[in-house]
Structure formats: structure tokens, C-alpha cells
Amino acid sequence: MAVQPDQFLMNCWYVAAWDHELIDGKLLAHTILEQPVLLYKGDSGRVVALDDRCAHRGAKLSNGRLEGDCVRCMYHGLKYDPSGRCVQIPGQDVIPAKLGVRSYPVVERDRLVWIWTGDPAQADPALIVDFPYLREPGWRGVPGYLHYKANYLLIVDNLSDFAHLAFVHTKTLGGSEEYAFKTKPVAIERLERGFRVVRWHMNAESPPFHRKVVRNGARVDRCNTGTMHVPGIFFLESVFAPAGSGAEKGNLEGAKQYRNCQFFTPETLRTTHFFWNYLHDYDVHDPTIALSLHDSMVQGFMEDKAIIEGQQQVLDADPDFRMHPIAADAPLAHFRRTLSGLIAAERQKPQSAAA
Amino acid sequence: MAVQPDQFLMNCWYVAAWDHELIDGKLLAHTILEQPVLLYKGDSGRVVALDDRCAHRGAKLSNGRLEGDCVRCMYHGLKYDPSGRCVQIPGQDVIPAKLGVRSYPVVERDRLVWIWTGDPAQADPALIVDFPYLREPGWRGVPGYLHYKANYLLIVDNLSDFAHLAFVHTKTLGGSEEYAFKTKPVAIERLERGFRVVRWHMNAESPPFHRKVVRNGARVDRCNTGTMHVPGIFFLESVFAPAGSGAEKGNLEGAKQYRNCQFFTPETLRTTHFFWNYLHDYDVHDPTIALSLHDSMVQGFMEDKAIIEGQQQVLDADPDFRMHPIAADAPLAHFRRTLSGLIAAERQKPQSAAA
Amino acid sequence: MAVQPDQFLMNCWYVAAWDHELIDGKLLAHTILEQPVLLYKGDSGRVVALDDRCAHRGAKLSNGRLEGDCVRCMYHGLKYDPSGRCVQIPGQDVIPAKLGVRSYPVVERDRLVWIWTGDPAQADPALIVDFPYLREPGWRGVPGYLHYKANYLLIVDNLSDFAHLAFVHTKTLGGSEEYAFKTKPVAIERLERGFRVVRWHMNAESPPFHRKVVRNGARVDRCNTGTMHVPGIFFLESVFAPAGSGAEKGNLEGAKQYRNCQFFTPETLRTTHFFWNYLHDYDVHDPTIALSLHDSMVQGFMEDKAIIEGQQQVLDADPDFRMHPIAADAPLAHFRRTLSGLIAAERQKPQSAAA
Chain U
3 MAVQPDQFLM
13 NCWYVAAWDH
23 ELIDGKLLAH
33 TILEQPVLLY
43 KGDSGRVVAL
53 DDRCAHRGAK
63 LSNGRLEGDC
73 VRCMYHGLKY
83 DPSGRCVQIP
93 GQDVIPAKLG
103 VRSYPVVERD
113 RLVWIWTGDP
123 AQADPALIVD
133 FPYLREPGWR
143 GVPGYLHYKA
153 NYLLIVDNLS
163 DFAHLAFVHT
173 KTLGGSEEYA
183 FKTKPVAIER
193 LERGFRVVRW
203 HMNAESPPFH
213 RKVVRNGARV
223 DRCNTGTMHV
233 PGIFFLESVF
243 APAGSGAEKG
253 NLEGAKQYRN
263 CQFFTPETLR
273 TTHFFWNYLH
283 DYDVHDPTIA
293 LSLHDSMVQG
303 FMEDKAIIEG
313 QQQVLDADPD
323 FRMHPIAADA
333 PLAHFRRTLS
343 GLIAAERQKP
353 QSAAA
Chain Z
3 MAVQPDQFLM
13 NCWYVAAWDH
23 ELIDGKLLAH
33 TILEQPVLLY
43 KGDSGRVVAL
53 DDRCAHRGAK
63 LSNGRLEGDC
73 VRCMYHGLKY
83 DPSGRCVQIP
93 GQDVIPAKLG
103 VRSYPVVERD
113 RLVWIWTGDP
123 AQADPALIVD
133 FPYLREPGWR
143 GVPGYLHYKA
153 NYLLIVDNLS
163 DFAHLAFVHT
173 KTLGGSEEYA
183 FKTKPVAIER
193 LERGFRVVRW
203 HMNAESPPFH
213 RKVVRNGARV
223 DRCNTGTMHV
233 PGIFFLESVF
243 APAGSGAEKG
253 NLEGAKQYRN
263 CQFFTPETLR
273 TTHFFWNYLH
283 DYDVHDPTIA
293 LSLHDSMVQG
303 FMEDKAIIEG
313 QQQVLDADPD
323 FRMHPIAADA
333 PLAHFRRTLS
343 GLIAAERQKP
353 QSAAA
Chain S
3 MAVQPDQFLM
13 NCWYVAAWDH
23 ELIDGKLLAH
33 TILEQPVLLY
43 KGDSGRVVAL
53 DDRCAHRGAK
63 LSNGRLEGDC
73 VRCMYHGLKY
83 DPSGRCVQIP
93 GQDVIPAKLG
103 VRSYPVVERD
113 RLVWIWTGDP
123 AQADPALIVD
133 FPYLREPGWR
143 GVPGYLHYKA
153 NYLLIVDNLS
163 DFAHLAFVHT
173 KTLGGSEEYA
183 FKTKPVAIER
193 LERGFRVVRW
203 HMNAESPPFH
213 RKVVRNGARV
223 DRCNTGTMHV
233 PGIFFLESVF
243 APAGSGAEKG
253 NLEGAKQYRN
263 CQFFTPETLR
273 TTHFFWNYLH
283 DYDVHDPTIA
293 LSLHDSMVQG
303 FMEDKAIIEG
313 QQQVLDADPD
323 FRMHPIAADA
333 PLAHFRRTLS
343 GLIAAERQKP
353 QSAAA
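Protein chains in written order, with the numbering used here: chain U, 3 to 357; chain Z, 3 to 357; chain S, 3 to 357.
One chain only, chain U, in its complex shape (with noise of 0.2 Å):
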């Protein structure tokens, strides 16, 4: 294995795919981490990672065959098993014992396939972020995929702050400047592995892609609360209540809801694997809304990823530029500072022998 960057938590779980990604067969090569990964699930149902990269001469094994829950590469032959260890060699008898491919831990839980890219002795499934939502039936949404040119705490960044919701969003998410300007955090609570903020708009028009859904102009008391977790997974819990209904103190009559994962793993230093989904409470028989909902954060995605991409730009461009830290980036500086934390106490521990 490759030395890793400094800029990468290892012993942690990403997300490496949604699960319909791999229903039929395919070889999905992904590169995680600055590693070539393949993934497939195998005939059995067992979803596999092995190192995308055949023992013998390097040809990638995502052009190789699905054999069972084995693969084979399509160069020379060489056959693995899901534990990577190479179990067919074309044309010779003996095959030593070492031969074979790393292979990476990984679970598939709610619709999502993730991979422990660290020590495989402390991949413990117990510690995968929970986001219920995924499989509740109360609950009704698309899974999408996007990808960033640009490093993952960059998008980490931009979920830091929903003042960017006004500027950025204007049209689609965010409804008005006056969010920026009239809103702020009631609360930044830090958090051992991230941190979680709170926005009341209270009547506030709503949003273009809520009034979309609900074909309803009214003013709305609309709260955002969001939530980060380390490596780079964001929830958003957002409630649209009728203004003046009295939600800030509990009252949920007549509110619409929506829940909202966000999966950032890195494929490599300067680039981005996006997951995700948004999902709603009401309605849920109607499939076109989890439809609308799903264009209309792609078309806010777009508005991002074309103002981080642009930043990830301007830091290549130049090391040297030195950012001016505001009071909102609070949150942010603190979640940059336990990830940090994190990646300096992993490389500090020595690693299990298996790893």
C-alpha cells in the first residue's frame, strides 16, 4: 500500500457505493482515498472490495470477469477470491501462498455500500453513522451521485455555513438574502466527531423548490438543522412549518419535513465522491415530488460545485494564499480542527499486524 496523505482519516467508514450500483454484476472500479478500489457482489449476494490492481502485472482487475463471488483478471487469468488471495493461476499448479490482493472491509446497510479503508482489525460495523431515514417507510427520496473537482473538506466547508444558502442559492435553495442577513445559529453545538447548527427563518418566504412541491405561496417558520460528522457525512433536518404556528416551541401541526444525507468520500486529494439523498415526510405515495426535490438540489448542487470547484482552483493556483477566518466559521474551523486531531492520533498508534 501507498504511503497515505496526511489529509485522509484511514480507520474510518466511507461510502463507496449505493447498493443498486451493484445489483447486476458489474465490476465498479473506484478510486477511494487515492486507491484503486473494484467492487462487485459477488452471486451469493456478498459484496466485495479488492485492491483494483491484478498481484501479477498490475492489469485492473475491473476489466477481469465476475466467476461466482471470485474474480478474474482477463489478462493472464489469475482468479481471486473474495478475501483477495489468488486461488488460480492458468497453467501452473503451485500457487504461493502470499499471492493475492488487499482486500477491503465493507458492508452494505440501507441502500449504502461502505468500505473500512484503514486497519482491517478495527473495521467495526458499529461505528458506521446511522441515517434511519434511509430506511423508514415513513419517508420517501431519490439516491444521487455527483463529483466534485475538488478536495472533500471544501464541500465540508460549504455545508459549515448556511449564510451561503442566501448568495449562493438566491433562486433555488436558498428563497432570499434576507437569510444571511436576518437569520443567525441559535446554537453551534461541538461535537466529539463533528458539530451541529440550528437556523430559524421565521416568516420567511418559502423557498422556490418547496413552494414547487407544496404549490402553496404562504409564508413559512422554516428551521435548519444540520449536522456533521467526521469524515465527511452531513445531515440536514429541515422543517417548514406555517409561520406563526408556533413550531419553534414544538408544535409540528401542518409542517412539512425533510431529511437530507450527504456523503463525501474522497477519490483523491483534488477530487470528490458526492452521495446522496433528500428525502420527505408527506405524500410519500406520490412519487413525483421525491422527483422534483431530487432536480431541484441538483440544479443547488450545480451552484456549489461551481464556486468550490472554482476555490479548489485558486488553491492549486497558489499554495500561498492565506484565507481571513469570519464569525461564521466557527463551525467550520472547529470540525477542520477534530478531524485533524483524529488523523494525528491514528498515525501515532501503532497499526494490528493485519493491517
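Rather than coming from a laboratory, the hints here were simulated on the basis of the structure.
No farther apart than 25 Å at their CA atoms in a straight line, the calculated lysine to any residue pairs in the SDA-like style are these:
1. K151/Z <-> L317/U
2. K100/U <-> D320/S
3. K81/S <-> E180/Z
4. K151/U <-> D318/S
5. K214/U <-> V286/U
6. K307/Z <-> L29/S
7. K184/S <-> N65/U
8. K151/S <-> H32/U
9. K307/S <-> R67/U
10. K151/Z <-> L29/S
11. K184/Z <-> Q90/S
12. K28/U <-> E311/S
Calculated Cβ distances over 10 Å to all of chain Z for the following chain U residues:
13. L30
14. Q94
15. V96
16. R113
17. R192
18. N226
19. T227
20. G252
21. N253
22. T270
23. E348
All C-beta atoms in this analysis are idealised placements derived from N, C-alpha and C, irrespective of residue type, glycine included.
For chain U, the structure is supplied; the task is to place chains Z and S on it using the hints.
Okay, now just chains Z and S, sitting in the frame of chain U:
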């Protein structure tokens, strides 16, 4: 500010744009001397040049919004005035006094927008090289722009020896290869910040671009006077007189004249902004002449571009490649020596505190 | 001359072109072993290879003009003779004796143009590897060219183990995976500058490319004899005899034979020129057979190309990736050892003064 490569003269005016590029309030992003620059004309008519990176998180201000003479970053809404000072942070009452972006001295003159890339305290508009024909009513032309994938000095070199007209531009600007063999520079004048070369070609065939507009195949006495100024500004004065009319003794009766300005502004070490105009002094009421000349020039410049960008590829591929001077290189050798001297001098001088 | 990477054998003949590429006076630009080379056939019929960079300012001579056996740079008009000496500078009477570009020894033989990349004093045409079938009238084929985005030795590796036919080329050149499991090389002959492998497959299904031209599904006794020569020259002799006819004992009655030559010339460390021909010895009056075989080979080579260019990407992405040998690697290991030895030897030997 990132350290500047030694190849650039910093305390110097460079052309950043034609004035018409800014009339509609456009936020024009131009990399100049490896620095990202935002150019715009505020509602008051004032031209502004700022670092194209929000001081907060490096988002591009050119993705922002013009507000009066100010610009607002459309990521988190920070607003900057023409001096680069941050004047508003949405949701934050106190703005740190030092929060801001670099502002560049700019001057709009004779349809050109000039930028000073060095120490602002030394930005004296009197140092701008004057080309009066852009403002004089007796001359007409069309402003042009081309982008080169080559270092600006390779373009300067190209213009330092008119012999290239014979081979590169035989069928466009040159007219015949005879030009290289039969003519010689009558004088190479070494200037403090450049050089001047004069080349006569007596009783020559009229070159194709001229024949196209005068509709007349008569032979001409042709004189090209080229002046190159630091850092990369080229003026060409051309006389086409009836052959034998005594133009070389000062008789310009029946002569048709051209004035050409070319401004090379380094975008990066390997790419160049090229602003130019080619003006004529006859039949200036007829717009088709300027357009025809413009097209002929573009055709000729594209011939240069192929050669020069090829040179850049050769030099990039092998930094050890050594050029061998010929006699005609005297002007370019003088120019490169002059420029290197000026760059070395400003590296030694301490910059003013404002830099 | 820039320093050559240690991966190249310099004192060696490489194929630079097929002869038909030069018949029309084309100035052919080819990078060979990281060096820019201009190839052309002068009006006298002489083939010339020069450094593709004018000694004056590095303009590409391949953008120039053929004049007899000379070439003129079309920037400032310098003219070079076939030895690389500059013989004319327009507007300058005296030409410095040493002004010139590097000239490479070249030999045109059997439709191939060979270039010697090292010390000219050692360029002995007797060292050119002979493939007589290109000149013998009993054989017919179509010359081919492909460009690989991979180091040439990865292509050499590919041809060192016929087992790849079974997996890469099952449906084109191979015929069945049985080839990998049931056949073994009967002999690996280590040569001083390469190796030879022979592989029989008795009573086999006729592979698709052969079936296409012989229109006959009969089983065959198939023998492939591959010879690899330094630096990357591969010859393949194939016999397809009726099954059970005793071909293995020398009876070639009813056999159909093929002769394939492949020449790998490094363009750069990561790209390769691939010249090849696939000749047959039966029905040579029928041009459609050679064309069909040519197409079948291209189809097969494209299968190799995908695998090999994938390997190059894997190796580029992680220089620490270690390959693990299997038994079938003996030929390629011998070849790489042989080539490394030759390269090391020429690095130690002092070059002749002419180099």
C-alpha cells in the same frame, strides 16, 4: 502575494483589456503575470482591478455581483469596495480593519485599460507608453485580441527580425522571399528601454494584404519601422509609396500608411494575452478597409502563432536546448539584455511599504 | 542533446517509419526516445533524419520546406543539408562552421526506415535485425501502425506469454481459454539478445481470425513460435496444420502459415510507436485475405491496448506498486535482465568522439 517569477518586470504598466470589454458591467477575470485579477467598470464609470479571490475562503470574485462601484462575493456575501477593503459581512457587525483583497492601480486611456502590477506607490501614469494613433481622428482600425500558448518573449523575438515576414508570411503579410534576401535593416537603434529597426524594400511587389484593399498591383517602395518597448509593446509604422516616388527622401505624396500597435501581457510564464490594432490613414470613412486589414492581420498572426507555439513546445520538452544566434538577432539580444537588467534592478531595490 | 533516461538502449537500430510514409516528400515529425526527429526522403531518394529543431531559435523544421535533399526552416529561412549542416542564412553572408542540427544515421531496408539513436560511429547496418518475409515474394501482408499510451516494455511483456491469448483474445486471436490451461511452452530458449518460445496446441479449434479466411471449421494442430529481440522486436511464426497430420514431426502438407513482425519504438517513456505486419503464405494473389487478417489483428491489438494502457495508468498512479512473478514470466524476466545489462554496459563505455 505569491513570489513572482524572475521573468516578469513588476513595476510596469501592462495592457489588461480593451475598454469596450468592460462597458456592460462585466466582471472580467484575467490572469495577469500568474496572478488572478478581476477587472470591472463600476456604475460611476471607474475602472477597478482587484485580486480575484475573496479574502475569506478564496471564492472567485468574478463569480460575484457588481454593486455600484463595489463587488460582492456570492459565496457568503462579503462586499468589497474599489480599494479592496471589505465593507460588509452578512450576519457579522464588526469587520476587521485589515480584511480585504489586493487592489491594483488601473488607468483607462485611449481605449486601453492599463494595470500596474508592482508597488502601487510607483504607479505613475506618465510612464504609460503612448501610441497617439488610437485617439487621432485621421486613423481608423479595429481593436483585436488573440491568446498565445507561448511565453511573451518568444513573440517579442518574432517581431525583432522582419526577415520572418519573408518565410512565415510569404502569401499574406510578406509578399515574397526576396524581402529576406534583398533587404537589410538600414539601422538598428538601441533605446534605453527597447530598440528601433527600419527596413526599406525598394521597387517591391505590393504584399497581398495591401493589394486586397488598394485594388492595385503597382510596385511599391516599402518601409517598415518597428519599435519595441519594455515589457512587450510593439509599434510598427509602415509606408507604402509608389515605386520611385522618392519616399526614402521624405516625399510621401501618394503614399498609404499604416500604424500597428501590439501589446503582449504575460498571462502565465507559458501563455500571453495579445492586444492589437492595425490602423490606416486613407479612406477612413470606409469601414470595410479596416475590417479587411483586421482579417489579413489575423491570418498573418495565426501563421506566427503556429511557429511560436511550436517553439514553446520545443523549449518545454527540453530545457537544455541551446539557441544559436545569427546576425539578425542583434535587436532581440539587446531587448532581452535590457529587460533582464530592469528586472534585476527592481529585485535589488527595496519595495515601498505599500507593496 | 538532453540526457537520455536509463530505460533506453541508445546504440541500437529502431524502426522510425514505413517507407511509404515518406514517398510524397512529407516532412514527418516523430518523437523517438524522447527526442524530436524530422524524417524525410529527399528528391534524390535519400532518407534523412534530423533533429526537428532549428538551431537558431528552436522552430520545428517539420513546419519547414523540402528543397532537394535539404530542408529550410520557414521561420527565418535557415537551410540545412542532409548532414544537418546549415548551408544558408538569408541576409547573412558568413555561416558559422558549427551551426547545424544533429543528424541521425538512417537505413531504408525491406520497406522499413531504421534510425540509429546512439553514437553514429557505431551505426553498423549489419546490426539491423532481419525479417526476410517482408521481401520474399511468397508472402503477402499489409503494413500497419498503432500508437500506444504505454511504455514499450509493457508491450514486450504482453508478447512474452501466449497465455494471454486465451483471456484477452478469446473471441479474436485466441479461440478458447483451453489454450491457457491445456498447452504449455515446450521450450523457452534464452538468446543472447532476446528469447524464443514455442507453444503447440494439438487438435484445437481453429481461432476466429483464421476461420474467417479459410472458411473451414476443421480442427487444427497449431504451433506458435515467438522470438523477441532487443530492444523490442517481436517475430511470430504460426503454423495451422490439419489436426493429426503430423506437423509436430515436420510434415507441413496442407498447413497454412503466418509470419508476423512487430516493432516497438519508444516515443517517450510512456508512449510507443508500434509498426507491424501480418503475412500469410497461401492464396497470395487474393488481396482480401491480407486485408481480413489485418483487420483481425487490429481488433486483437485493441484488446491488448486496453489492458496495457490500463497497466500504465496503474503504474503511473502508484510507483510503489510491486509486481509478483508467476512461472510463465521466465521469458520476460530474461528479456528485461538482458536489456538492462546492455543499457548498463553502454552507459559505462566511453562514447566515440562523434557522439
